[in-house]
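Protein sequence lines, in the order shown, are assigned to chains A and B. Residues in the first sequence are numbered from 32 upward in steps of one, following my numbering. Residues in the second sequence are numbered from -1 upward in steps of one, following my numbering.
Each hint should be verified, as a subset may be incorrect.
Keeping only pairs whose Cα atoms sit at most 30 Å apart, straight-line, the calculated DSS-like set for lysine-lysine is [what the hints assert, rightly or not]:
| id | chain 1 | residue 1 | chain 2 | residue 2 |
| --- | --- | --- | --- | --- |
| 1 | B | Lys44 | A | Lys174 |
| 2 | A | Lys174 | B | Lys1 |
| 3 | B | Lys1 | A | Lys239 |
| 4 | B | Lys0 | A | Lys244 |
| 5 | A | Lys232 | A | Lys113 |
| 6 | B | Lys15 | A | Lys113 |
No lab work stands behind these hints, which were simulated from the structure alone.
Below are the chains, spelled out letter by letter.
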Amino acid sequence: MTTATFSAPAWTDKKRYLWLLGIVVMGLPLYGYGLYLWTGLSLFFWTTPVIVYTLIPLLDRVIGEDESNPPDGTMASLAQEKYYRYVVYAAIPVQYLSFVWGTYMAVRGNLQWYQWLGLLISVGMTSGLAINVGHELGHQTSKLERWLAKIALAPVMYGHFYVEHNRGHHVRVATPEDPATSRFGESFYEFLPRCVYGSIKSAWEIEKLRLAKQGKSVWSIENDNLQAWAITVALFGAMTVWLGWWALPFMIVQGAYGGGLLEVVNYLEHYGLRRQQKADGSYERCQPHHSWNSNHSATNIFLYHLQRHSDHHANPTRSFQTLRNFDGVPRLPSGYAGMIMVAYIPWLWFRLMDPKVVQYYGGDMSRANIKPSIRARILAKYGSATA
Amino acid sequence: MKKWRCLVCDFVYDEAKGVPEEGIAPGTRWEDVPDSWTCPDCGAAKSDFVMEEID
């Protein structure tokens, strides 16, 4: 039966409709409020952080991992299907609804402080999750999607991410020069300011250089940073005019919280990993073993397969639905959602992850990306092939 | 000789220069660059490059 090879059962994407949860999750602060109205329990103002910090890690544990990949023959058609694009677009109006409603409630809702705080963190989390939406869209090459990326990044004040992620992070990933690659021995709290400052600085310089080549000033309206930040200014300005000055600190702090959520994910994506330098000082190409991965299903659904991070860096324009699992790449012991909690507690993180980095490099820590101030001590401790 | 720019990271492939360290000799026209070749900086596919007039 030679024909049998040609009539394999049609492959269907089991996650197809699960991706709709990416839209649902953007409305979590609203559902939390609905539950509060229904039950009278203020606890429900905290629904969003409870789901993200505990329910999703728990689901990762219960549901476990899914290593399945779309078969090679389906990749092209799967990538073309518009449905997957629309699912991502649709998250943005819900994100804005949470943001606008949340800011309104914070100012006009007569909330108790513990309700207000829960709301702040909830809205901040949806804004932070929206960076992932902006990330997915910002990697696409169509004009519409690139604008939608800027719009998704506006409530979280992260417009520069649009520039820095593609043209900064993807180029310098897993090198000491990348602000968004965490180093061995660097705690999340050391990484956070270095990454935020370094990313903004880099985004500015990237655009300055591009515009200079065209003979234009960095202050040109064509500066993508300025364009993206302008949306934030317009949005925050309009909300402040509508709701008064008290809207402003709420919007700024929720944005900061959202940015912090993105950065903790950044922290775990490349911890300690480093591309080797060639004789001329340039770095080897980014390869699958330069990212930490996870196949935990629950987090993968909420983050659009972001945890299949090796494939993402190997094929940056590949859409989320087609990202593949690789064998033999660095694997995190849990999904990103669970690892976030570990990253918040540095001693626990080092205890769990440092041995994994050491093991990954077979004890040759001269190949790892180590925090400069402890590099000599680490090399002395583990020895190095070049020593 | 033309130049092609990576849409993801702005790396520029200059036909005049090629990428000798990757076995693409100076003067290699874009259409002769293998389809499997990807952006040396960020890994984007050859199809993610656009032709650009740069002087």
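Do the hints match the structure? See the list:
1. Annotation: proposed proximity of B:Lys44 to A:Lys174 holds, straight-line Cα distance about 19 Å (limit 30 Å).
2. About 21 Å separates the Cα atoms of A:Lys174 and B:Lys1, which keeps this hinted pair within 30 Å; it holds.
3. Taking the CA atoms of B:Lys1 and A:Lys239, the gap is about 21 Å. The hint holds against a cut of 30 Å.
4. For the suggested pair B:Lys0 and A:Lys244, the alpha carbons sit about 17 Å apart, so the restraint of at most 30 Å is met.
5. For the hint linking A:Lys232 to A:Lys113, the alpha-carbon distance of about 36 Å lies beyond 30 Å, and the restraint is violated.
6. Taking the CA atoms of B:Lys15 and A:Lys113, the gap is about 38 Å. The hint is violated against a cut of 30 Å.
Hints 5, 6 from the list above are not met by this structure, while the remaining hints are.
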